[in-house]
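Peer 1: So you can see what is in the structure, the chains are spelled out below.
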Amino acid sequence: MATKKPSRIDVKKTYKLYINGAFPRSESGRVFEVTAKNGDFVANPALASRKDLRDAVTAARAAESGWSKATAYNRGQILYRIAEMLEGRSEQFESEISLTSHTTPAKAKVIVSEAIDRWVWYAGWSDKLQAVSGATNPVSGPFFNFSISEPQGVVAIASSDSFIEFIDAIAAAVVSGNTSVVLVPGGLAVPAMSFAEVLATSDLPAGVINILTGSLDELAPWAASHMDIDGFDITGIQKKKHGALKEAGAENLKRIHSFGSGKTPTRILAFMESKTVWHSVGI
Amino acid sequence: MSFYGLVDGSEKSLIHFLDQLSGVDQVGAEARAAMLATRSIKTSSKKWAIETAISMVDLTTLEGADTPGKVRALCSKAVRPDPTDPTVPSVGAVCVYNDMVEIARTHLDSIGGKHVPVAAVSTAFPSGRASMEVKIQDTQDAIDAGAAEIDMVIDRGAFLAGNYGLVFDEIVKIREVCGDKAHLKVIFETGELVTYDNVRKASYLAMLAGADFIKTSTGKVAPAATPPVVLVMLEAVRDFYSMTQRRIGVKPAGGIRTTKDAIKQLVLVNETAGPEWLTPDLFRIGASALLNDLLMQRMKMSDGYYASPNYVTID
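These protein sequences, in sequence, are chains U and A. Mapped onto UniProt numbering, the consecutive letters of the first sequence carry residue numbers 1 to 283. Mapped onto UniProt numbering, the consecutive letters of the second sequence carry residue numbers 1 to 315.
By construction, these hints were calculated from the structure, which means they are not laboratory data. Some hints here could point you the wrong way.
[Claimed, not checked] Lysine-lysine pairs mimicking BS3-like chemistry, simulated, CA-CA at most 25 Å apart:
#1 51(U) x 70(A)
#2 42(A) x 51(U)
#3 300(A) x 47(A)
#4 42(A) x 220(A)
#5 241(U) x 51(U)
#6 263(U) x 128(U)
#7 69(U) x 128(U)
#8 181(A) x 246(U)
#9 260(A) x 220(A)
#10 70(A) x 42(A)
#11 51(U) x 220(A)
#12 300(A) x 241(U)
#13 51(U) x 46(A)
#14 260(A) x 16(U)
#15 51(U) x 114(A)
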């Protein structure tokens, strides 16, 4: 029997997916449970299916031409805007991370500020990449010879359960002009979907970052074999499963990499291609 | 001419016939089309549906920028949609502007595509705004160049103004020009006819005047082949069959871009007109981008992993 009248009715959040700038439920209708350290219920995020992955890849591919052709300056501005939004909601992220990854509030605070700093660090690379990675190559003939780095296209990311690595992986993939489909496991789903809300309010074009929550074991093989995904960051997948994924990705020569936890520009370059142009001189 | 004994060819008898048609239940038609769109078609049925849809595609290019090269490339694709897989059927027809008919016919014949007919859009496509003499000459040109199917547009202005007799006579005259050399498809541009009642009237008007096919749209106006419009037209051909024992074909065109859309259309056909209509002789889909999506879905089914547009042609 209720003895105390609640002051107001709870307004509970439904955790959904983030595909093409919208928040749909999984087409499968499935969810999974996230709990706090003491076993208390936290949320029921959507358990994405392979068809959600398919839709997300379609959205990412459609967004690719606009995002990769946006000026580096513009991309940097939008990514910085995302950092601003993150900063404004840092308390929400701290409490969600503390709750779902079972860490202390103090530790969660460190994680969130480090994640925001990393995001800003990667955002800064947008207009410097070309200067650092591009080259004028000396050749033995009457030619100018340039190498230019270009984004690959659609990059799938199997994120680890760390919020910092989640941020690292996304920032490194999209700063160069790739679009991405991010697969998020377990309790990270809760802050990841709040991050999707940040993206939705940051002028990021729809489809550039798509976020699917659920089981990496279920989704990663479909992403690895998907012919319309050009690169796959499998940092969040156990080492012993890397071989099978790389085999599945061989059909379209997908680049499949996993990365350590430090921030590095090589992580950006891992999903870029080098285009070399020959230009005759004196004709 | 007898016009199936239903009208005598005078505008008066035509108006009398069209007036006694019942109105379309708009809410009902939309609800039924939406309900049928939820049917889930899987595995072997889906494979059959994809291949049937491929054989029903009128592969179309109707751009001001069409070049002979583009038309020839389209013809090659029409004969063998997936060059890596000879088991994929040829499409239903190639649909081009009048002046491209000869190029298309010659190329199809030279690559072993004699079985693929060329459809020409005529009668001042897409607006239909020209004199009768021009429209007849337009049609004659297409037939002389080798078109086996004529996609004519009706004069929507006359139809909306209530000049049913004028629209009827135009179709009858073009039907005479076609003779036994070409099939006649009559395009309504349903997006400009506004109401389902008008779509129903136009369907009967065209069928009485001798159309072999009734077609929704030019592809130049949106909305085009929406499921409720196709539903109304399929009901018309079904009821016309029970009146006359003659089966008229239906061709939705415009806005059908994905395999899902195409399969929804096939479900509509099966559930409304009946399985007899599930043949390229009685149902076609006017499309260009659709074929690539059908091929990609077919690849997904045979390979077991998702396909990419990088492996189908850019049209």
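Peer 1: Check whether the Cα positions of residue 263(U) and residue 128(U) lie no farther apart than 25 Å.
Peer 2: Status holds; Cα separation ~16 Å.
Peer 1: Hey, residue 300(A) versus residue 241(U), does the alpha-carbon distance stay inside 25 Å?
Peer 2: holds (24 Å)
Peer 1: Within 25 Å, alpha carbon to alpha carbon, are residue 241(U) and residue 51(U)?
Peer 2: Holds, at about 22 Å.
Peer 1: Please work out if residue 42(A) and residue 220(A) have their alpha carbons no farther apart than 25 Å.
Peer 2: violated (33 Å)
Peer 1: Check the hint pairing residue 300(A) with residue 47(A) against an upper bound of 25 Å on the C-alpha distance.
Peer 2: holds (10 Å)
Peer 1: Between the alpha carbons of residue 51(U) and residue 220(A), is the straight-line distance 25 Å or under?
Peer 2: Roughly 32 Å separates the two Cα atoms, so the pair is violated.
Peer 1: Decide if the proposed pair is consistent with the structure: residue 69(U) and residue 128(U), CA atoms, cutoff 25 Å inclusive.
Peer 2: holds (16 Å)
Peer 1: So if I understand the rule, the pair passes when the alpha-carbon distance is 25 Å or less; does residue 260(A) with residue 16(U) pass?
Peer 2: With a Cα-Cα distance of about 24 Å, the restraint between residue 260(A) and residue 16(U) holds, given a limit of 25 Å.
Peer 1: Sort out whether residue 220(A) lies within 25 Å of residue 260(A), counting only the CA atoms.
Peer 2: holds (22 Å)
Peer 1: Taking 25 Å as the top limit, are the C-alpha atoms of residue 70(A) and residue 42(A) close enough?
Peer 2: Distance of about 35 Å is beyond 25 Å: violated.
Peer 1: Measure nothing beyond the straight line between the CA atoms of residue 51(U) and residue 46(A); if it is 25 Å or shorter, mark the hint as holding.
Peer 2: holds (16 Å)
Peer 1: Does the structure keep residue 51(U) and residue 70(A) at a Cα separation of 25 Å or less?
Peer 2: violated (34 Å)
Hint compliance for this structure: hints 1, 4, 8, 10, 11, 15 are not met, and every other hint is.
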